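Trainee: Spelled out from the first residue to the last, the chains are:
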Amino acid sequence: MSNGIYLVRDGAERLVIMFRPSGIGLLHTEMNLQVIGTSLRRAETVLREIRTLANERSVFRG
Amino acid sequence: MTSSGERSADQRPELADVGRLARKLVHRAVRAARTEDQPLRRVLLDHLGPDAATRPAVSDTCPLYDQVNLQIGLDAWLAGPGREHEAIGVTGVPQMRFNDVTIGDLIQAAPGTMYSSAGAGAPVAMNLPCGPGRPCRA
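Top to bottom, those sequences are chains A and B. Heads up: the first sequence runs through residues 1 to 62, numbered per the working numbering. Heads up: the second sequence runs through residues 63 to 200, numbered per the working numbering.
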């Protein structure tokens, strides 16, 4: 997805995740993932879990 | 086939046209009155609650070539037990292509500012290559 926002319900907790390309001007060189959570620790944990899953399931793995 | 005489008779004003026109005007006025000025901001506030602007946010970046993997990781996380989600696309802000906007920018957009016109639309999926001989993934 490009320039997307996910409205997430994780049990009783509500989060927002935004996934979009970033960079300078039209030259997008990175993907940016932002998480808003109920606490800083929770948002960091969500981000870490997503990165771990991305690494585990990477299509670049043989 | 219809003759030009029959056509002009069809287009002659009728009393019922006044009622049709009035209904259209009322529908248009109701739609305009109920349209949110800041639709995406409203969606985010409805989801997060009134303290949305003060909630902590973290962000991470990865190289563009890793987008497909990050999307796979995100999809896997979203599919976790007890989780539900709704994906929305950001519309009405072409400047987003040139700016590093944050969720906070969208939540705190004051009326009349760049992101205040942001709307919630359908998300856009992209097909991305996953390597030789593999199908593309969105």
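Some clues are possibly wrong.
[Stated by the list, open to error] With beta-carbon atoms standing in for the labels, derived distance ranges:
#	chain 1	residue 1	chain 2	residue 2	range
1	A	Gly23	B	Asp79	52 to 58 angstroms
2	B	Gly174	A	Thr52	40 to 46 angstroms
3	A	Arg9	B	Asp79	27 to 33 angstroms
4	A	Glu13	B	Gly81	28 to 34 angstroms
5	B	Ala141	A	Arg41	21 to 27 angstroms
6	A	Glu49	B	Arg90	44 to 50 angstroms
Keep in mind that the hints were calculated from the coordinates and are not lab data. A quick note: this is a predicted structure, and the numbers were derived from the prediction, not measured. Ideal Cβ placement from N, Cα and C applies to all residues, glycine included.
Trainee: Against the range 21 to 27 angstroms, how does the distance between the Cβ atoms of Ala141 (chain B) and Arg41 (chain A) compare: consistent or not?
Mentor: holds (23 angstroms)
Trainee: Given the hint of 52 to 58 angstroms, check if Gly23 (chain A) and Asp79 (chain B) actually sit that far apart at their C-beta atoms.
Mentor: holds (55 angstroms)
Trainee: In this structure, is the beta-carbon distance linking Glu13 (chain A) and Gly81 (chain B) contained in 28 to 34 angstroms?
Mentor: At roughly 52 angstroms between Cβ atoms, Gly81 (chain B) and Glu13 (chain A) fall outside 28 to 34 angstroms, so the hint is violated.
Trainee: Kindly confirm whether 40 to 46 angstroms is satisfied by the beta carbon distance between Gly174 (chain B) and Thr52 (chain A).
Mentor: holds (42 angstroms)
Trainee: Measuring from beta carbon to beta carbon, are Glu49 (chain A) and Arg90 (chain B) in 44 to 50 angstroms?
Mentor: For Arg90 (chain B) against Glu49 (chain A), whose Cβ atoms are near 47 angstroms apart, the range 44 to 50 angstroms holds.
Trainee: If you check the beta carbons of Arg9 (chain A) and Asp79 (chain B), does the distance land in 27 to 33 angstroms?
Mentor: violated (49 angstroms)
In this structure, the hints that do not hold are numbers 3, 4, in rising order.
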